[in-house]
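Participant: Sequence:
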Amino acid sequence: MPWWSWPLVLLMAALLAAEVHMGYPGLRSWLPYVLLLPLAVALLIWAGRVRVEVGPGADGERELRAGAAHLPVSAVGRVDVVRGEAKREALGPQLDPEAFVLHRPWVGPAVRIEVLDPDDPTPYWVVSTRRPEDLIAALR
Numbered sequence: 387m388p389w390w391s392w393p394l395v396l397l398m399a400a401l402l403a404a405e406v407h408m409g410y411p412g413l414r415s416w417l418p419y420v421l422l423l424p425l426a427v428a429l430l431i432w433a434g435r436v437r438v439e440v441g442p443g444a445d446g447e448r449e450l451r452a453g454a455a456h457l458p459v460s461a462v463g464r465v466d467v468v469r470g471e472a473k474r475e476a477l478g479p480q481l482d483p484e485a486f487v488l489h490r491p492w493v494g495p496a497v498r499i500e501v502l503d504p505d506d507p508t509p510y511w512v513v514s515t516r517r518p519e520d521l522i523a524a525l526r
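The numbering used here puts the first residue of the sequence shown at 387, with every later residue one more than the last.
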């Protein structure tokens, strides 16, 4: 998650806790804050937990992992960096319905990874990553 989302989400949680506190005067005054602020932190951590990495798989072969999905590096074809308008096009009008997409709006660039496995119905992956050049180098 981007740094600026943390103060916004925590402020929203604090305002919601204050409204609950004012709306239910018999309730312990600290209870909404104790419940909602840690819940907001947990939500922020959960939303930013997705990892994109290349490493050894269960069978020892190197694989690309994006969240819970994984793809053997041997099945990776052409890899392109998409930024700005090209990213909007890749995620909009040009998007194949069978493509795997891991899009995080707060991450700028993405990579489009062609899948060469004939048994895989997914034609390509579009994955947001902060360091697309490093990911491309790791896939080679």
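To be clear, the hints were calculated from the coordinates, so they are not data collected in a lab. Do not rely on the hints blindly, as some may be mistaken.
[What the hints assert, rightly or not] Pair ranges (Cβ atoms, derived):
1) Trp416 - Pro507: 48 to 56 Å
2) Ala524 - Pro411: 51 to 59 Å
3) Ser415 - Ala523: 49 to 57 Å
4) Asp503 - Trp432: 24 to 32 Å
5) Val406 - Gly446: 50 to 58 Å
Every residue, glycine too, gets a C-beta built ideally from N, C-alpha and C.
Participant: All hints are to be evaluated individually against the structure, with a verdict given for each.
Facilitator: Status of the hints after comparison with the structure:
no. : hint                        : result
1   : Trp416 - Pro507: 48 to 56 Å : 53 Å, holds
2   : Ala524 - Pro411: 51 to 59 Å : 57 Å, holds
3   : Ser415 - Ala523: 49 to 57 Å : 54 Å, holds
4   : Asp503 - Trp432: 24 to 32 Å : 31 Å, holds
5   : Val406 - Gly446: 50 to 58 Å : 53 Å, holds
Of the numbered hints listed earlier, not one is contradicted by the structure.
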